[in-house]
Amino acid sequence: MEQAEAAEMVVEALRKKLKSKSKFYFNDLSKILGMKPRAAKKYVNKMVEDGVLEYWSSGSTSMYGIPGTGKQAAAEHED
Amino acid sequence: MAKHDTPLLDQLESGPWPSFVSDLKQEAEKRAKNEAGHELQIPVDVVDDLLGILELSFKHGKTHWKHGGIVGVFGYGGGVIGRYCDQPELFPGVAHFHTMRIAQPGAKFYTSDYLRQLTDIWDRRGSGITNMHGSTGDIIFIGTTTPQLEEIYYEISHNMNQDLGGSGSNLRTPADCIGQARCEYACYDTQDLCYNLTMEYQDELHRPAFPYKFKFKFDGCPNGCVAAIARSDMSFIGTWKDDIRIDDEAVKAYVGGEFAPNGGAHADGDWGAFDIQKEIIALCPTGCMKYEDGKLEIDNRECTRCMHCINAMPRALRIGKETGCSILCGAKAPILDGAQMGSLVVPFVEVNADDDYQAIKDVIEPLWDWWMEEGKNRERLGETMKRLGFNALLEATGIAPVPQHVQEPRSNPYIFWKEEEVEGGWTRDIDEFRKDHQR
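Residue numbers (our numbering), protein chains in the order written: chain H, 604 to 682; chain P, 7 to 445.
The hints are simulated quantities; they were obtained by calculation from the structure and are not laboratory data.
Positions of the beta carbon are idealized from the N, C-alpha and C atoms, including for glycine.
Among the hints, erroneous ones may be present.
[As the list claims (entries may be wrong)] Simulated DEER-style distance windows between Cβ atoms:
id, chain 1, residue 1, chain 2, residue 2, range
1, P, T69, H, T672, 20 to 26 Å
2, H, K620, P, P291, 54 to 60 Å
3, H, E615, P, E19, 53 to 59 Å
4, P, T69, H, E615, 33 to 39 Å
5, H, T672, P, V428, 51 to 57 Å
6, H, E615, P, L394, 30 to 36 Å
7, P, P291, H, G654, 53 to 59 Å
8, P, K114, H, K620, 52 to 58 Å
9, H, K634, P, E429, 47 to 53 Å
10, H, G654, P, K327, 24 to 30 Å
11, P, K367, H, K620, 33 to 39 Å
12, H, E615, P, D16, 54 to 60 Å
Could you put together the complete structure from these sequences and hints?
Here's what the structure looks like:
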């Protein structure tokens, strides 16, 4: 799968769910891509590097989201 | 003069124990004076505002910190924990108050110069407040602003050859005991293995893709000075295959009172003369030792590596020569299901630096693949093992069951065979069967 194609799949799926949630577990992303976690990780890492996705962390758990989405950005002066 | 009145916090200073409130007040004063002449990059009153917001939390009975955040350094999904307060107007000094985790040096071997560099960076670019060390072992820098994160990362990586630690659903900063650098009990070079795996698994350390946190800890011997067996998802505990080495003359010297037992520890009390029967033989958990006619004997097949006899008589007894490590999996602290100790997965594996520790990596990677696929979100390896069963882990990792995996003889009489485990499978020749069995 091409990187651009993978990014499109992920962004489209995440945008569809934006009304109910803005942060996603890594497992959600590998399911969207239909890949095993190890394979999906390479694509997801690149998406973060390219700014398509961003990390969110509570300190104990990590999640992924589309930059600028969710309450976090506005609430934390990051927008 | 304190910026905020803190009567509730002041009360915490009144007890007989050391108080973090006193420490914070001292740090607030130190920052205000700034005798070292640091060009402070974050508000000078950050510590005053920290005391202020904590006082407010006590007053309200609720936290004024928000949950998590999206800050980090470029390319890293861990090492920085975003902290924002929900009263930035009242306490502007802690509007951003991010935590940074810095990887500790192997076995926490510091030089004083290294410590000075750390505190200089943190006095200048952060609050000056540290936690030495966090539970996982990291050096924890508590409180800085978003623009300082990249600057701090640049300085620690370029000037100190140091890296951020792990946080979030990552491999956490691996931690090891002091190992062969100082300790004669160490069965392998904990620092080399810890460093090797840290470098090998950089991606797992910095870019989160696990269901939850994952910890490696390395103990050179079963004394377990980093408590790997209780505190890590995967513990590497030094052990040996052959026999405990006995120096008969030294045993006699202990019995004769020439050498103090336990390296002279407990010498301040009057415990009487050393009694080998009472203090060694009777305390062996498997009863595998005897001392008769001035001769110590050990049935090494029964030894469970409790280390008691070696600890008590280190000049007489030494670990075996054929050393390696045991791998245990699944320990965790209590969040779900209570605390768990590690379960033995590999009784003995060689720790071989010459082949880049391949035998150990061959255990780690299939295990991760299994947990990444089967583990639920926020589920530790130990919980996945408990939910799916130890057998599922063995199948996934291709490790053959061995007696050491069994804690006690089974109490359940049912054995469920799989087709591939039965010769000939489930199919049979019905005509052959009917010869002996009527319909």
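Here's how the hints hold up against the structure:
no., hint, in the structure
1, P:T69 - H:T672: 20 to 26 Å, "holds, 25 Å"
2, H:K620 - P:P291: 54 to 60 Å, "holds, 55 Å"
3, H:E615 - P:E19: 53 to 59 Å, "holds, 57 Å"
4, P:T69 - H:E615: 33 to 39 Å, "holds, 37 Å"
5, H:T672 - P:V428: 51 to 57 Å, "holds, 55 Å"
6, H:E615 - P:L394: 30 to 36 Å, "holds, 33 Å"
7, P:P291 - H:G654: 53 to 59 Å, "holds, 58 Å"
8, P:K114 - H:K620: 52 to 58 Å, "violated, 44 Å"
9, H:K634 - P:E429: 47 to 53 Å, "violated, 40 Å"
10, H:G654 - P:K327: 24 to 30 Å, "violated, 55 Å"
11, P:K367 - H:K620: 33 to 39 Å, "holds, 37 Å"
12, H:E615 - P:D16: 54 to 60 Å, "holds, 56 Å"
The earlier numbered hints that this structure contradicts are 8, 9 and 10.
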